[in-house]
Amino acid sequence: MNSSEPPEPPVPSAASGIAPDLAWRRLSIGIKLPIGVALLLTLASATLSAAAYWHVRQLAFELASERLKTAATQLEAVIGPALRQRVAALQRVSLNPKVVEYVTESSEERQDEITSILERLPPGNGRSGIAVLDATGHPMLVTGALTVDELALNPPNTPRDGAIDTLRRSAKDEDLFYDLVIPIENGGRLGGRILERRWLTLSAPGLNLLTGLIGPEARLIIGNRDGSVWTDFHQTRGTLPSAAPQTLIRYPSADGRAFVARGVNVRDSPLMLAASTPIGPVLSPADRFLLRALWVTTAIVIVGALAGWLFSRRVTSPLRQLTAAAERIASPDGHVREQRHGDEVVRLDSSFAQMVARVDDSHRQLQLLVDDLEVRVKARTAELEAANHELEAFSYSVSHDLRAPIRAISAFSNILIEDHGAELSQDARHCVDIVIKRAKHMGQLIDDLLMFSRLSRQPITRQTVSMTALCSAIIAELRSVDPARIVDISIGDMPDAYAEPALLRQVMTNLLQNALKYTRPQSAAHVEVGCYMQGGEQVYYVRDNGVGFDMQYADRLFGVFQRLHREEDFEGTGVGLAIVHRIVTRHVGRVWADAAVNAGATFFFTLAPAETGVMEAA
Amino acid sequence: MSVLLVEDDPEDAALTIRALKRHNLTNHVQHAADGAEALDILRDGPMPRVVLLDLKLPKIHGFDVLKRVRDDERLRLLPVVVLTSSREDPDISRAYALGANSYIVKPVDFDQFTKAIGDAGVYWMLLNQTPVQVAH
Numbered sequence: 064m065n066s067s068e069p070p071e072p073p074v075p076s077a078a079s080g081i082a083p084d085l086a087w088r089r090l091s092i093g094i095k096l097p098i099g100v101a102l103l104l105t106l107a108s109a110t111l112s113a114a115a116y117w118h119v120r121q122l123a124f125e126l127a128s129e130r131l132k133t134a135a136t137q138l139e140a141v142i143g144p145a146l147r148q149r150v151a152a153l154q155r156v157s158l159n160p161k162v163v164e165y166v167t168e169s170s171e172e173r174q175d176e177i178t179s180i181l182e183r184l185p186p187g188n189g190r191s192g193i194a195v196l197d198a199t200g201h202p203m204l205v206t207g208a209l210t211v212d213e214l215a216l217n218p219p220n221t222p223r224d225g226a227i228d229t230l231r232r233s234a235k236d237e238d239l240f241y242d243l244v245i246p247i248e249n250g251g252r253l254g255g256r257i258l259e260r261r262w263l264t265l266s267a268p269g270l271n272l273l274t275g276l277i278g279p280e281a282r283l284i285i286g287n288r289d290g291s292v293w294t295d296f297h298q299t300r301g302t303l304p305s306a307a308p309q310t311l312i313r314y315p316s317a318d319g320r321a322f323v324a325r326g327v328n329v330r331d332s333p334l335m336l337a338a339s340t341p342i343g344p345v346l347s348p349a350d351r352f353l354l355r356a357l358w359v360t361t362a363i364v365i366v367g368a369l370a371g372w373l374f375s376r377r378v379t380s381p382l383r384q385l386t387a388a389a390e391r392i393a394s395p396d397g398h399v400r401e402q403r404h405g406d407e408v409v410r411l412d413s414s415f416a417q418m419v420a421r422v423d424d425s426h427r428q429l430q431l432l433v434d435d436l437e438v439r440v441k442a443r444t445a446e447l448e449a450a451n452h453e454l455e456a457f458s459y460s461v462s463h464d465l466r467a468p469i470r471a472i473s474a475f476s477n478i479l480i481e482d483h484g485a486e487l488s489q490d491a492r493h494c495v496d497i498v499i500k501r502a503k504h505m506g507q508l509i510d511d512l513l514m515f516s517r518l519s520r521q522p523i524t525r526q527t528v529s530m531t532a533l534c535s536a537i538i539a540e541l542r543s544v545d546p547a548r549i550v551d552i553s554i555g556d557m558p559d560a561y562a563e564p565a566l567l568r569q570v571m572t573n574l575l576q577n578a579l580k581y582t583r584p585q586s587a588a589h590v591e592v593g594c595y596m597q598g599g600e601q602v603y604y605v606r607d608n609g610v611g612f613d614m615q616y617a618d619r620l621f622g623v624f625q626r627l628h629r630e631e632d633f634e635g636t637g638v639g640l641a642i643v644h645r646i647v648t649r650h651v652g653r654v655w656a657d658a659a660v661n662a663g664a665t666f667f668f669t670l671a672p673a674e675t676g677v678m679e680a681a
Numbered sequence: 002m003s004v005l006l007v008e009d010d011p012e013d014a015a016l017t018i019r020a021l022k023r024h025n026l027t028n029h030v031q032h033a034a035d036g037a038e039a040l041d042i043l044r045d046g047p048m049p050r051v052v053l054l055d056l057k058l059p060k061i062h063g064f065d066v067l068k069r070v071r072d073d074e075r076l077r078l079l080p081v082v083v084l085t086s087s088r089e090d091p092d093i094s095r096a097y098a099l100g101a102n103s104y105i106v107k108p109v110d111f112d113q114f115t116k117a118i119g120d121a122g123v124y125w126m127l128l129n130q131t132p133v134q135v136a137h
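Line order of the protein sequences matches chains A and B.
Going by the numbering used here, the residue at position 206 of the first sequence is 269; the numbering climbs one at a time, nothing skipped.
Going by the numbering used here, the residue at position 52 of the second sequence is 53; the numbering climbs one at a time, nothing skipped.
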């Protein structure tokens, strides 16, 4: 078996096992197809899911962005006005003449009065303190949480525009604060400043508002517009893009979580307010969608792979049968070549190629046989033609040369009687009569033989012949030979025959002639011609009530020169039935007889039916 | 008025002449024993009324004799009756193809033979008319 396997090409990985691509090729379609379908479906589903997921995610972000912006706006609507009211209150204080006077005069006795004015201001949220500074910026008075040391540590700025300064980080700690700085005018000149420093704390109402708007984990961000300093009250450091208020931004929280934020600027200040929330809740609808899409995808892939497997089973089963059939044809002796190099299609291809090779081979062998046969047929035909030619030459010679002596014998015997009859004795005359009779018989024999021989060579052209008309004509002819004889001849209904007319006429003539001849001793001779159907064949017959014959000699009936009766009783050459046999045989029919001694004889014959394109028997 | 009998078998020739005599048709019967002799007689001698021609002849076959007669300008209209033992169809067809005027099979039976020769003789010598060109 191994010897029949084609030599493996040298594959580098052959030693270490099967190359991956080879392994894949060897896999059954029953496995490959489901895998392929699953891969395709996975790819398609994944692409679709990803696209949908990104879309849903985008929508979630947009929604969050809107909600965060709304929250930030509402916060600004609360915080912004409060801030501006505070600034307005401080401005009112700065216009207080007592305050102006205190700044310009710097009278100690007014200090308590000023403090009480400042303390009458509504208390701020959380930690704060107010200071009055002179024109050079030195603190003249500090209240609340503000101390002189604090002012030295974190000296106040002059806000670029308006009263609200930027958010700053304390130089000492992580505390964030911003200043409200109000100039105190004295006759058009700067007399001093009122400064309120406010440390950032998140008020409960603000936080409540935020969580109510966005969610439990929502955070408020306060920072400078440029993002330099900011806080979400959980952390005070990190980078926050300066564009924060305008668009949705992401930033990492101190605890490592990702947050998204969106905010608005606080009017008349360098500050901004933003609302933020962890990304998780924002994206949870998208994540839920993704999870669901994954489940659906998995289901589709499994169903697809299953369908692929079922389909491939339907496909591979006929493929295997085809392969098996091709293998059987390729190796009818059962030596099926090992097929391990590929899936069903590859195997079928291989088996088919082998089958084709085998069929080609068979065809070639067949062609050789045919060629050989043709050569033999040609040789045989040539032999036959030569034999036929010899036979023709023989017949020709017989025809020419055998007749002449017999004619001479017959003729001169006749002349002997005619010219010298008177000189002959009675015995001599009798002898000469016998010579004449036998010579005549010899002539008849030669004629019959020549006719019999001619039958083998004469081509046959078959056509429809009316048997009834043919038999009537022959019987009329035969009756005219011996008009005195009384024979009862009946012609039954006969279908037309399909035969060479002259030869069929010869057959019927011979059979009827025999019937008349062998009924001669009967006082009431009966001859019957007819036809019947048997096994789909038309069987013609000629029946007589003549002397018949012993059936044990029936096999000799149709031989040439075979006679079952003595010449003295019934004249004949023994060729008639041989001629009948030859003609019927050449029409691919059968002829047989049924008889008994003194109980008549019946001759039957069939002819090949018209519709069969009969090859004439030689 | 003569007959040229071309016949190699002396008995057949004798029988034929005897049959013609029976019908008083033989004022002058010329006998050629082979094809060459027949052609010599035809070439040199007087034109016969009819030629009775056997086919299987020594030297020159009957068909060749017939062919040469038909090819000869002087002889081409001469009546030629093939008188032979053969009743093979190829012979009969060929004889007519070569221009035989008649084809008679010599019967084996003496009476039939005598009658056949007599009938043919009567027909060709007495009843049949030939063109002036052939007559003399």
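No wet-lab data here; the hints were simulated from the structure.
Where a beta carbon is used, it is the ideal one built from N, C-alpha and C, also for glycine.
Some hints here could point you the wrong way.
[Stated by the list, open to error] In silico lysine-lysine, BS3-like type, Cα no more than 27 Å apart, as pairs:
| hint | chain 1 | residue 1 | chain 2 | residue 2 |
| --- | --- | --- | --- | --- |
| 1 | B | Lys57 | A | Lys235 |
| 2 | A | Lys503 | A | Lys580 |
| 3 | B | Lys60 | A | Lys503 |
| 4 | B | Lys116 | A | Lys500 |
| 5 | A | Lys500 | B | Lys60 |
| 6 | A | Lys503 | B | Lys68 |
[Unchecked claim] Listed next, the stretches of chain B that the computed footprint assigns to chain A, with coverage defined by at least 3 CB atoms under 8 Å from CB atoms of chain A:
| hint | stretch |
| --- | --- |
| 7 | 11-24 |
| 8 | 78-87 |
| 9 | 103-115 |
Do the hints match the structure? See the list:
1. Between the alpha carbons of Lys57 of chain B and Lys235 of chain A the distance comes to roughly 159 Å, so the proposed pair goes past 27 Å and is violated.
2. Annotation: proposed proximity of Lys503 of chain A to Lys580 of chain A holds, straight-line Cα distance about 19 Å (limit 27 Å).
3. Between Lys60 of chain B and Lys503 of chain A the CA atoms are separated by roughly 31 Å; this puts the pair beyond 27 Å, and the hint is violated.
4. Taking the CA atoms of Lys116 of chain B and Lys500 of chain A, the gap is about 18 Å. The hint holds against a cut of 27 Å.
5. Taking the CA atoms of Lys500 of chain A and Lys60 of chain B, the gap is about 35 Å. The hint is violated against a cut of 27 Å.
6. Restraint check for Lys503 of chain A and Lys68 of chain B: the C-alpha separation of about 34 Å exceeds 27 Å, so the hint is violated.
7. Counting residues of the stretch 11-24 of chain B whose beta carbon lies closer than 8 Å to any beta carbon of chain A gives 4, which reaches the threshold of three, so the coverage claim holds.
8. Counting residues of the stretch 78-87 of chain B whose C-beta sits closer than 8 Å to any C-beta of chain A gives 3, which meets the bar of three, so the coverage hint holds.
9. Look at the stretch 103-115 of chain B against chain A: 7 of its residues bring a Cβ nearer than 8 Å to a Cβ of that chain, three or more, so the hint holds.
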